[in-house]
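2 protein chains.
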Amino acid sequence: MPVTDSMFLLVETREHPMHVGGLQLFEKPEGAGPEYLGELRRDLLANTEVRGLFRRRPARPVSTLGYLGWTEDTELDLDYHFRHSALPQPGRVRELLELTSRWHGTLLDRHRPLWEIHLVEGLRDGRFAMYNKVHHALLDGVAALRHLQSILSDDPAVRDCPPPWGSRQPEPARPAHRPRSLLAGARGTLGQFTGLAPAAMKVAGEAFREHRLTLPMQAPRTMFNVPIGGARRFAAQSWPLARVRTVAAAAGVSRNDVVLAMCAGALRDYLIEQRALPDAPLVAMVPVSLRPRREDGAASGNAIGALLCNLATHKPDPAARLATISESMRDGKRLFSELTPLQTLLLSGLNVAALGASPLPGVVTNTRPPFNLVISNVPGPRRQLYWNGARLDGIYPASVLLDGQAVNITLTSNADNLDFGITGCRRSVPHLQRILTHLDTALAELEAATAA
Amino acid sequence: MPVTDSMFLLVETREHPMHVGGLQLFEKPEGAGPEYLGELRRDLLANTEVRGLFRRRPARPVSTLGYLGWTEDTELDLDYHFRHSALPQPGRVRELLELTSRWHGTLLDRHRPLWEIHLVEGLRDGRFAMYNKVHHALLDGVAALRHLQSILSDDPAVRDCPPPWGSRQPEPARPAHRPRSLLAGARGTLGQFTGLAPAAMKVAGEAFREHRLTLPMQAPRTMFNVPIGGARRFAAQSWPLARVRTVAAAAGVSRNDVVLAMCAGALRDYLIEQRALPDAPLVAMVPVSLRPRREDGAASGNAIGALLCNLATHKPDPAARLATISESMRDGKRLFSELTPLQTLLLSGLNVAALGASPLPGVVTNTRPPFNLVISNVPGPRRQLYWNGARLDGIYPASVLLDGQAVNITLTSNADNLDFGITGCRRSVPHLQRILTHLDTALAELEAATAA
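These protein sequences, in sequence, are chains H and E.
Residue numbers for the first sequence follow the UniProt record's numbering, beginning at 1 and rising by one.
Residue numbers for the second sequence follow the UniProt record's numbering, beginning at 1 and rising by one.
Take these hints with a grain of salt, some might be off.
As the list claims (entries may be wrong) - If you want the footprint, here are the derived chain E segments under chain H, 3+ residues with CB under 8 Å:
id	region
1	104-112
2	394-407
3	433-439
What the hints assert, rightly or not - Pulled from the structure, derived: some chain E residues nowhere near chain H, Cβ distances all over 10 Å:
id	residue
4	Pro162
5	Ser167
6	Trp239
7	Ile272
8	Arg275
No lab work stands behind these hints: they were computed from the structure.
Idealized CB from N, CA, C, for every residue including glycine.
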């Protein structure tokens, strides 16, 4: 069996859970009573049509070696997978994030299909939340987001939205119980790409060690590039897309450049507060969509690449940071476009593979970090969506962390907002929620700098 | 390093968490406001004097082999260990047990000291709960209960109870950072005894296989004696000690015999409901206190033995079941008293060791179960206790399960009550809470049978 097939299960340890998470905030429909959420859960549980993906479990749950593939769980216990929780007083977003942090830091049970969904009540503003986690071997973050959108509706009057384990289309019949290749179940381009990483890593890693290939820039060592523990912190907040759009238009840069400049400003402020700002600028790994250059060959099928972006965190001036970031992103794209598809893949592979390789002993402590953190901007729903009449107010992605990458910023667009999710190692990244405040400051500074 | 030192960490897998748990129910003191629990938590968190036991973590958290011993956690994060949670609507005991089940089925993080405590608000009757879990390598259930009692007070006016990680007496100074033998930290006689089990098991296991030693009775295969998953169900309820005492006096048997007869009746009803009652009677392993017969020799130091008790679940008549149970317990005691101390130890070792050995592959499927479940009756507080004015209403022990032992009943006395905690494998033992109803019926039947 090729190692790629079970990679996400094999590299998982207690300290490196390999699930992706998402936190959603909903406004209850009008007329919802105090037991609304319990009733919603009961109604949904009555729907026992479960998508094939959510019925699969590893064929050999106990052993850490010899995963033959998937098998179908014949005794699926929806009550276990779909849970009902509540926030303690005073029920602020802060309590919600604390609970999400806890859930995001525990491993999924390999005896069962690798997903959990938590409905959360008790927010003092009357809204409710949903936290879902799915193993990366089933779905990557992009595919998980796409699945979420597929069960929602843009019509607030619709009341027959499928449950999160369901689907709008009936699935084609397929033989049950036959173990399946793990990667055959991994949907989405990022999942397919990352599956190739070990092979690419081997070639690229050798090239790197023998100085035949050099990284396009140097990342400093920071407090984020350390071995991590198993516990997590998660913070989340939304900003109006219009504010980012205005800055982008005024500065003549892309919206993603503005987002990266927000992150750069926030990281700079956070590191100054922690007395840990390095002299050299931080380098972010930014997954980007790549158009395939040729139609033939398997390599060109991968539409996700990775750019390294100079975050200019050493510069105190927000406008200067934005300019450097925008230039760095343009350089990054040019770099890819001048390479052959194989070289592109190798370079992407090297960048991404550093993540895949990090649980190996010694990698973190003996090598320089290829980048300081991953910042992903994932396209989300363009229109306002509803779940059986409940308005979707926010979608906040919670990501996988690995040794040497103790913090991750992933954001998604949601109708008129940009929703940021920040995942950190609980031990290495104290006061993670401060980054939210700094993001807010950074956006205001960018607005001030470009308003002239 | 002897294998006994790190046994509880070495045998732990995702499917066999090796922590003991406890659920406590408290009545709030008069005048407590809506944020009482949050304030209690903040007040307690201000107390950063942490008992040595609760500062230790495994010296090598990542590897599953080569545990050298303990090291002191120099960055203890009390906020991580001591958590604040809430129940969803309608906030019944049922919702509390559901949450406890979930917590009891997840592993402790080995990067940190091996304990977690959850304060729970949102019970609709106004009470609050505490769930604590501690790794068996630190404390066994008996020692954990003793520790809990040591921080409480029998005076409702006392307001300076130490936090659960504290202690009333200042600890003797000891060198920090020096790795310590794991078993040196395991307090309590059961912990010490179980440490001896692997050696005893080897000898006894060989004797058993070679038919030189036979088990005193035959346990049937039941739905409880199967390989288990990692998820748990937990159910708990209290009964007045006076009711059990009355039945014991009327029948001329011990209170523990009545408790065992309650369990026998409940298990019989549960298995009938599940269409899984075996023809042969269930056999319980019952830990008992043993007086050492001789003063010299290390073997006699172990004051905990294990009896096998015939639960007479094949008999429909409650009085007949009680009589058989009482006789079986007397026989069991006689059996021990006729053996040499070494034979006693071996027999206890064989019984207990079957638990320790079960995570080894093949043990469950290839051998007959030596007993069907463990039923422990642990002495608890004799007087009504308070925690900073909050009245302790119940103490419900949540136990360790292992392959072949998918259900466990542990009870403790608490002032005027007997508090039962039932732990089950979530997959193998459906509708575990039904056992509570059946316990209630069984006690009523015993009362009716002995009232004449």
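Checked hints:
| no. | hint | result |
| --- | --- | --- |
| 1 | 104-112 | holds (count 7) |
| 2 | 394-407 | violated (count 0) |
| 3 | 433-439 | violated (count 0) |
| 4 | Pro162 | holds, 23 Å |
| 5 | Ser167 | holds, 26 Å |
| 6 | Trp239 | holds, 28 Å |
| 7 | Ile272 | holds, 22 Å |
| 8 | Arg275 | holds, 17 Å |
Of the numbered hints stated above, those contradicted by the structure are hints 2, 3, listed in ascending order.
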